[in-house]
Amino acid sequence: MANEIVFSRNHIDNVKDLDVYVGNGGYSSLQKGLTMAPDELIELVKASGLRGRGGAGFPTGMKWSFVPKDTSKPHYLVCNADESEPGTFKDRQLMEVNPHQLLEGMILACHAIGAKTGFIYIRGEFVGPIQIVSRAIEQAYARGYLGKNIQGTGVDVDLAVHPGAGAYIWGEESALLNSLEGQRGLPRLKPPFPAVSGLYASPTIINNVETLANISHIVNNGADWFKQWGTERSAGTKVVSISGHVNRPGNYEVPLATPMMTLINEFAGGVRDGHKLKAVIPGGSSVPILPAEKCDINYDYESIQAAGSMLGSAGMIVMDETTCMVGVARNLVHFYRHESCGKCTPCREGTDWMFKILNELELTGGQMDDIDLLLDITDNMDGKCFCPLGDTSIMSVVSGIEHWRHEFEEHVRNGGCQQRAQNGH
Amino acid sequence: MSDLVTLTIDGQQIQTAPNTLLVEAAAQLGILVPVYCYHPKLAPIGACRMCLVEIEGMPKLTPSCTTPVKEGMVVHTQNARVEKARRGMLEFLLIHHPLDCPVCDKGGECPLQDYTYEFGPRKTRFRYPKRHWDKPLQIGKNILLDRERCIMCLRCVRFCEEISDHQQIGVFERGHSQCIGTVPGHSFDSQFSGNTIELCPVGALTGAPTRFFGRTWEIQHTPSICTGCAAGCNIRIDHRQQRDVVRLWSRENKHTDDGWLCDRGRFGYEFVNQDRLKDFKILQDGQLVDATTQQATVKAASILSKHANSGSLGVLASPILTNEELYAVEWLTRSVLQTSSIDHTASAVNPQAVQLHSVVREAGFRSGVLTDIDEAAQIVTIGVDLSNDQPITELRVKKALFQRKAQLVSLYPETIELGRYTEHNLIYEPGQEASVVASLAAAVRSGGGEGVVGQAARLLSSEAPKAVIVGWKLQGLSDFSALAKALGELASALGPDVPCITIYPNCNTRGALDLGITPGWLPGGVAATGSSESGMTGIQILEAARDGRLKALWVVGAEPLLEADPELVKAALANVEFIYQGWSLRDVPVDPDVVLANVTFAEQAGTFTNTDGRVQRIYPAVKPHGRSRPGWQIVADLGRALGKTWEATSDQEVFEQIRQAVPAYSQIKWSEVGTLGVQSGASAPPAMAGATG
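Chains as they are written, first to last, in this note's numbering: chain A, 1 to 425; chain B, 1001 to 1693.
Since the hints were derived computationally from the structure, they do not count as laboratory data. Among the hints, erroneous ones may be present.
[Unchecked claim] Here are the simulated lysine-lysine pairs, DSS-like style, with alpha carbons at most 25 Å apart:
hint : chain 1 : residue 1 : chain 2 : residue 2
1    : B       : K1278     : B       : K1570
2    : B       : K1405     : B       : K1254
3    : B       : K1041     : A       : K190
4    : A       : K190      : B       : K1623
5    : B       : K1084     : A       : K356
6    : B       : K1123     : A       : K356
7    : A       : K148      : A       : K69
8    : B       : K1060     : B       : K1278
9    : A       : K190      : B       : K1570
10   : A       : K276      : A       : K356
11   : A       : K356      : B       : K1551
12   : B       : K1551     : B       : K1570
13   : A       : K73       : B       : K1405
The shape of chain A in the complex, shown without the other chains (with noise of 0.2 Å):
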């Protein structure tokens, strides 16, 4: 059972072109829900229990619902199609394939939420996406889906495609929103939230690509259909991102509750020859890592979020027993590293002391007594940091001294990682 609900088309030869997206019934759904008052259309997907897919989980009726209703400001849409999270690739072939989809899930969002207006925020490394959102989006105007009255039903709205400028901070959303005013892409202080007081100071919704792309599903088919997948607190379907040391890496759309190892040994096509599972990271880089014998567990969040770590976007990452944790965890500091926007100081400084200590254990083997100041360095940014990009970039090193402390030790005692040097790097 798999590519129920958003892949359920992408079998189909070019159906991002609105003539065949059309003619496999796309664009259905806009009669029914544009037609629905759009409380009605909250009121649906508060019920089909679809939860966001961007990585926070929250509920995505619950948050269109928090619009207030009672302001003459305009309202937003914006999708936040910033795919930055290292092992996430979903939202690009979702654009890739089937755009028209994203775009009818938006017309519907806007309806529900009192837009008229949305911004497709698209990685601006993502050129392929971007042309052929971009395409798709002219072609919806030239028949009628989007601009004044959609199809009769005196809904209007507008939507645009912005390219973003290249900061993995930008998938946060209040940083995407300075971003698309044309301000630095830092994240904002909260409150006021977005639903509040987002885009020009006006009250906003930002949705990931995979939210949008369920909406006209679940307006079609309804809210039972859809929980007809997954658990009460997990429905509908996932895409998952696998890579990695598995044989077949890719996007798998699968129920909510598959379990994982179905997803690494069938889906994926099991870890590549001869090798043993040893971590996967489950949900993107910046979940914790869950140890080989944690990941018998079903793919939803409260399993994942009871293994000790998160379903976040579902960029799921497979390791076999040749990764160094020790590598694994220098690497994805220093993405975060990087990455960090600097505004605050635990991020800013933490992301770079902690790569400086890692690179040295992975390279020299530092001192032993690093590791418990890893430990505390982490400790010291933890919950500390003004938003999640720091809170989680200390991720791969508390889970990797968790679980595989005696590999920091090795490295220290051995003046540096083995294998790398093996391998002659």
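Assemble the complex: chain A is given as a structure, and chain B must be docked to it using the hints.
The following block gives chain B in isolation, referenced to the frame of chain A:
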């Protein structure tokens, strides 16, 4: 008040206003929560994370600089968890900090030092090379940047965004490479740049003119008043053991400066340290030679007495002298020397000796003060470019525009800095002031009209509270009476009780007017009658000296000489017996016959009256250079040499005499002037010299 919020901080209960930030509520209880990025005059950003506190029921520590109080909140600022976070944050801030405190101007008054001492780690655990930047960078005329010391609180950038809107510096790069820098193509030459030195909580921004001024613990502070313009900004003179002035610092007074200084004022103290007259001098055989105080006084007195009571003497007294000095000069000039040609300015700006603040009152405006700007929703500036004419007041107007969305109407011959913030720029040909003001008044009365004037009038015809600001340059109009009439029409069109603030040029112009250092008025704004009536204005005095109609000049302070055509000044001074009393000969183009060494404002006690009529005290910061003396003492000596004894042994006694002479000052209690000053009352001198006859 029932709408107070009650909460508990460190076991102490406090009631405070809603929306108070936790860091402020803690401060109200006397609890120190360390901060770097937080500043009460800037919007909070929560970036430095120094102020994290624990709120019961919240899983994470919370920044107290961005979190408002809530009813029933229980807050801990000093438990082990908070203290560890604080220590950790200081450690993060210090890992790349150069720790060059021994050569840092900030050392001794540095919150990074202080908090490290109080809360920080004692040893470093960071074993790697520190970040290095080229340093110091001269990013503007007055500002040096040391990016190694910077802790990224962004107070400087936020000041330039939120307060001055001179966005010449910004943040570049990101993460561990992030730094402050100048916007490409711009240097940091904002005239408010110096404020960032004070805002900077570390030694990252230091003053180029004040670099290596000394160690802060060897510096003493004396409250004083800036002499740069008529705003009367309160300052602190920093000096080394009363020897020389090393730095001027802000001293917040909401009536005048609101806590800021402009660079012209902040760095304009070199005249106190350089080219100073240390001795009295007399001209002998064409050479200026040092003389005893008595020799010089006797010689000056003999010149003065020769020309007393004859109409052949002119007196120019600088508008940056203290009230006490000006009062003494006025006494000697009118009462002893029976001379009526006395003025504080020789510019062409006030040829008719107008008292602009009285003109606007007679026009029907209320006598305004600078703080009226804080209440106004609509601000009208007429004939004044605050950027030049009173920079610190421009910041007050910007605060009204930015924070309260007040609206501005500007009447000026060109687009002014503040014109950027309004569509209502009424730009006119010089000389058209009266007709522009009159047409605006007419348009307001009719509720609108065509063009820019009509649009401005539509705005102003609403009920919103207003403030009008007029500048001294208007005094120079040849048809001044037409302007006065037009101002009257505007006042009646805008409605009752609209305050009008008068912007004067110098730090004691208003005092000079109040004390009769202007032809046609005696102290207290009493119109001069009889023989005093025919006194010449400053420019007339210089012309008469050049033409031989005056035989002697007594110039106290060189400022009036700088306002007139240099050729005229030279010709005038060369053609008369010339007594110069001042602190430097730098701006005196002709050797005087007698030189009397006067102290500057930094070396004496006294008072200045700012543009509003606010009387503020200065205190002696440094010792007089050589044998220089306060002007009123020199004048008292001259009086004695002329056979007239003037009883005053202290600046306070002189001020008591001023109170007797000037009704507007009569209610001022010396003891209440303190360091923040007292507003003088509304005296009512006639607006124009000719008005009484």
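Cross-check of the supplied hints:
1. K1278(B) x K1570(B): Between K1278(B) and K1570(B) the Cα gap is close to 24 Å, so the pair holds against 25 Å.
2. K1405(B) x K1254(B): Since the Cα atoms of K1405(B) and K1254(B) sit roughly 20 Å apart, the hinted pair holds (cutoff 25 Å).
3. K1041(B) x K190(A): Given pair K1041(B), K190(A) holds - Cα atoms ~20 Å apart, limit 25 Å.
4. K190(A) x K1623(B): violated (54 Å)
5. K1084(B) x K356(A): Distance of about 22 Å is within 25 Å: holds.
6. K1123(B) x K356(A): Between K1123(B) and K356(A) the Cα gap is close to 18 Å, so the pair holds against 25 Å.
7. K148(A) x K69(A): Answer holds: K148(A) to K69(A) is near 22 Å, not above 25 Å.
8. K1060(B) x K1278(B): It is violated: about 65 Å lies between the C-alpha atoms, which goes past 25 Å.
9. K190(A) x K1570(B): With Cα atoms ~66 Å apart, K190(A) and K1570(B) exceed 25 Å; violated.
10. K276(A) x K356(A): violated (31 Å)
11. K356(A) x K1551(B): violated (82 Å)
12. K1551(B) x K1570(B): holds (15 Å)
13. K73(A) x K1405(B): Cα-Cα ~18 Å, so holds.
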